[in-house]
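K.L.:
Knowing the structure of chain A, use the given hints to seat chain B on it.
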Amino acid sequence: MKKAFLSTGLLLITILILPLFISPFLVYLSTEILVFAIFAMSLGLIMGFGGMPSLGHCALFGLGAYTVAILSEYTANIYLLLGAAILISLCFSIVTGYIAIRNKGVFFLMITLAFTQVLFLITSRMKFWGGNDGYSASVTANFGFGEITSNMGLFYMMGFFFVLSYFLLKLFVNAPAGKVLKGMMENEGRMIALGYNPKTYKMIAYLIAGSMAGLAGGLYIYKTQFVSPALFSVHMGAEVMIMVFIGGLGTVFGPALGAGAFVFLQNYISTMTDRWPLILGLLFIAIVLLKRGGILHLIQFVTTFGLKLFKPSRSRNAPVDKQVKGKEQAS
Amino acid sequence: MIELKEVHSYYGHSHILHGVNLKVNKGQCVALLGRNGAGKTTTIHSIAGLVVPKEGAIAFKDKELIGKTPNHISKAGVGLVPQGRRVFSSLTVKENLLIAERKSTSSEKQWTIEEIYQLFPILKEREENMGNELSGGQQQMLAIGRALLLNPDFLLMDEPSEGLAPVIIEQIKNIILDVKKTGLSMLIVEQNIDLACCVADEVIILNKGEVVWQGLPNELLHNEELLKVHLGV
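Taken in sequence, the protein lines are chains A and B. The first sequence begins at 1 in UniProt numbering and counts up by one. The second sequence begins at 1 in UniProt numbering and counts up by one.
Extracted from the complex, chain A is given alone in its bound form:
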């Protein structure tokens, strides 16, 4: 629990001071990164802690985005709009989760994909809301303290929701329910033998992830002002899955790092070459082959290695009599 508060505090401070050190363009880009970080962290929960690889998690993100875009015609109240985005995604999670969590591995993957494809078809045929061309919305965030129109304002808004999502996820994975979920991913049968019902815990995680993806989708609209059926595409589902993999599966912060790396590379490399997916793909392969824990584990590995290098060797500095004593104890 202490670690959760500490890491959240550090994250909050980083978000608060980050715009002071980066260019206005990076502030603008970071807004998108923060939205995708929430989205990737939500998928990271069910994939990395629950063993549920979903290729259809984008459905919940897309639903959140469409909900805000459509309802913004009737109200500008951000609390209502984001609340509705979470609620709709939660309802969809209840229906899809009830069916999907009864399956594992590739079957879970295919079922979630099927639900997304249904939404893709529906939204691409809905001429009223733009069909394949998408739907433009004009939404401005206002929490009652004035309208947020600047990139800096949007950055802090997304940053607030990102830190909040991170903190809630940290609380969940450190709670007994989170440990049970992790144990189930390792061996479901063993956890059943301890008296736990895996479906209950998987469903709880699926609903939390669904609501969080809905929130991310709702926030996405405040950045892009536009939704399209592409949000429900396989492409989108795969992209967020790659974010989780390259960031670090089985960690809360890893997927957020993955989202950051993905969006950053997508935007920077695409200015140099049209073949940016090739470079991203190579990076993905390298991470999977070299360090399966992703960027986060790579950072941890490098830090530990660095610390070992700079740490004075005990055997070299310790007095001779102590070295002998140590050897005797070891033997």
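Derived from the structure by calculation, the hints contain no laboratory data. Glycine included, each C-beta is placed from N, C-alpha and C at the ideal position. Any given hint might turn out to be false.
Stated by the list, open to error - Derived pair list, reagent style DSBU-like, types lysine-lysine, alpha-carbon separation capped at 30 angstroms:
{"#": "1", "chain 1": "B", "residue 1": "K94", "chain 2": "B", "residue 2": "K5"}
{"#": "2", "chain 1": "A", "residue 1": "K104", "chain 2": "B", "residue 2": "K68"}
{"#": "3", "chain 1": "B", "residue 1": "K228", "chain 2": "B", "residue 2": "K75"}
{"#": "4", "chain 1": "B", "residue 1": "K5", "chain 2": "B", "residue 2": "K181"}
{"#": "5", "chain 1": "B", "residue 1": "K61", "chain 2": "B", "residue 2": "K103"}
{"#": "6", "chain 1": "A", "residue 1": "K3", "chain 2": "A", "residue 2": "K199"}
{"#": "7", "chain 1": "A", "residue 1": "K199", "chain 2": "B", "residue 2": "K63"}
{"#": "8", "chain 1": "B", "residue 1": "K228", "chain 2": "B", "residue 2": "K180"}
{"#": "9", "chain 1": "A", "residue 1": "K199", "chain 2": "B", "residue 2": "K103"}
{"#": "10", "chain 1": "B", "residue 1": "K94", "chain 2": "A", "residue 2": "K199"}
{"#": "11", "chain 1": "B", "residue 1": "K173", "chain 2": "B", "residue 2": "K26"}
{"#": "12", "chain 1": "A", "residue 1": "K2", "chain 2": "B", "residue 2": "K94"}
{"#": "13", "chain 1": "A", "residue 1": "K104", "chain 2": "B", "residue 2": "K94"}
{"#": "14", "chain 1": "A", "residue 1": "K308", "chain 2": "B", "residue 2": "K94"}
{"#": "15", "chain 1": "B", "residue 1": "K103", "chain 2": "A", "residue 2": "K2"}
{"#": "16", "chain 1": "A", "residue 1": "K308", "chain 2": "B", "residue 2": "K61"}
{"#": "17", "chain 1": "B", "residue 1": "K54", "chain 2": "B", "residue 2": "K109"}
{"#": "18", "chain 1": "A", "residue 1": "K199", "chain 2": "B", "residue 2": "K54"}
{"#": "19", "chain 1": "B", "residue 1": "K23", "chain 2": "B", "residue 2": "K63"}
{"#": "20", "chain 1": "B", "residue 1": "K181", "chain 2": "A", "residue 2": "K199"}
{"#": "21", "chain 1": "B", "residue 1": "K61", "chain 2": "A", "residue 2": "K199"}
{"#": "22", "chain 1": "B", "residue 1": "K61", "chain 2": "B", "residue 2": "K181"}
{"#": "23", "chain 1": "A", "residue 1": "K3", "chain 2": "B", "residue 2": "K124"}
{"#": "24", "chain 1": "A", "residue 1": "K199", "chain 2": "B", "residue 2": "K228"}
Unchecked claim - Chain B side only, calculated, beta carbon under 7 angstroms to chain A, not exhaustive:
{"#": "25", "residue": "P70"}
{"#": "26", "residue": "S74"}
{"#": "27", "residue": "R86"}
{"#": "28", "residue": "L91"}
{"#": "29", "residue": "E95"}
{"#": "30", "residue": "I99"}
P.N.:
For chain B alone, coordinates are given in the frame of chain A:
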């Protein structure tokens, strides 16, 4: 406490248990012996609900267990120490114990994590270590501690001495004797005859899915024919 009547269990089409009958009374410790493939683990799994018997009856505190899911059987008061320890390697020692802690309304003895630490002081020392960072003996202690924290009325132990050094087996034996003193009923599957005969009040020998002998540990140890034919000693 628990009674199996004519239990027939299968793995797919393979008929493993051919009408097993056994009974464990309250506070009694029964050891289940037999060669590899005799059906010992299948018997334990049938009680725990991990294998669903196709025929027969398993009555636990006068309630039928067949048809209930493993989590319901666990909640009904049947604890399991699985073969090969099977601690959760992605969780710390403390977390392994925390997820198992459960209060029981029927069990006389209520185990707490502190009591488990008193029983196994090494677990307290290593509470922040991951499950897979423990030695085989420590993992076995953790598996027993985890099962005790469920506060079961009846404990199933599947080969608690498997793969352990003699000195650790001695420790495990003493721990089982300590647990037995609390009045907990136990059914222990073992290959180690000395351990089984030391802790058990009664011994049952299984062969090819059938009970072939039942008696006191002393009777078994003095019956060389029985030891040779059914246990290969």
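K.L.:
For every hint, state whether the structure bears it out.
P.N.:
Hints, one by one, checked against the model:
no.: 1; hint: B:K94 - B:K5; result: 39 angstroms, violated
no.: 2; hint: A:K104 - B:K68; result: 22 angstroms, holds
no.: 3; hint: B:K228 - B:K75; result: 40 angstroms, violated
no.: 4; hint: B:K5 - B:K181; result: 28 angstroms, holds
no.: 5; hint: B:K61 - B:K103; result: 18 angstroms, holds
no.: 6; hint: A:K3 - A:K199; result: 29 angstroms, holds
no.: 7; hint: A:K199 - B:K63; result: 25 angstroms, holds
no.: 8; hint: B:K228 - B:K180; result: 29 angstroms, holds
no.: 9; hint: A:K199 - B:K103; result: 22 angstroms, holds
no.: 10; hint: B:K94 - A:K199; result: 24 angstroms, holds
no.: 11; hint: B:K173 - B:K26; result: 20 angstroms, holds
no.: 12; hint: A:K2 - B:K94; result: 16 angstroms, holds
no.: 13; hint: A:K104 - B:K94; result: 28 angstroms, holds
no.: 14; hint: A:K308 - B:K94; result: 28 angstroms, holds
no.: 15; hint: B:K103 - A:K2; result: 27 angstroms, holds
no.: 16; hint: A:K308 - B:K61; result: 58 angstroms, violated
no.: 17; hint: B:K54 - B:K109; result: 34 angstroms, violated
no.: 18; hint: A:K199 - B:K54; result: 25 angstroms, holds
no.: 19; hint: B:K23 - B:K63; result: 14 angstroms, holds
no.: 20; hint: B:K181 - A:K199; result: 37 angstroms, violated
no.: 21; hint: B:K61 - A:K199; result: 28 angstroms, holds
no.: 22; hint: B:K61 - B:K181; result: 21 angstroms, holds
no.: 23; hint: A:K3 - B:K124; result: 21 angstroms, holds
no.: 24; hint: A:K199 - B:K228; result: 48 angstroms, violated
no.: 25; hint: P70; result: 5 angstroms, holds
no.: 26; hint: S74; result: 4 angstroms, holds
no.: 27; hint: R86; result: 5 angstroms, holds
no.: 28; hint: L91; result: 6 angstroms, holds
no.: 29; hint: E95; result: 5 angstroms, holds
no.: 30; hint: I99; result: 5 angstroms, holds
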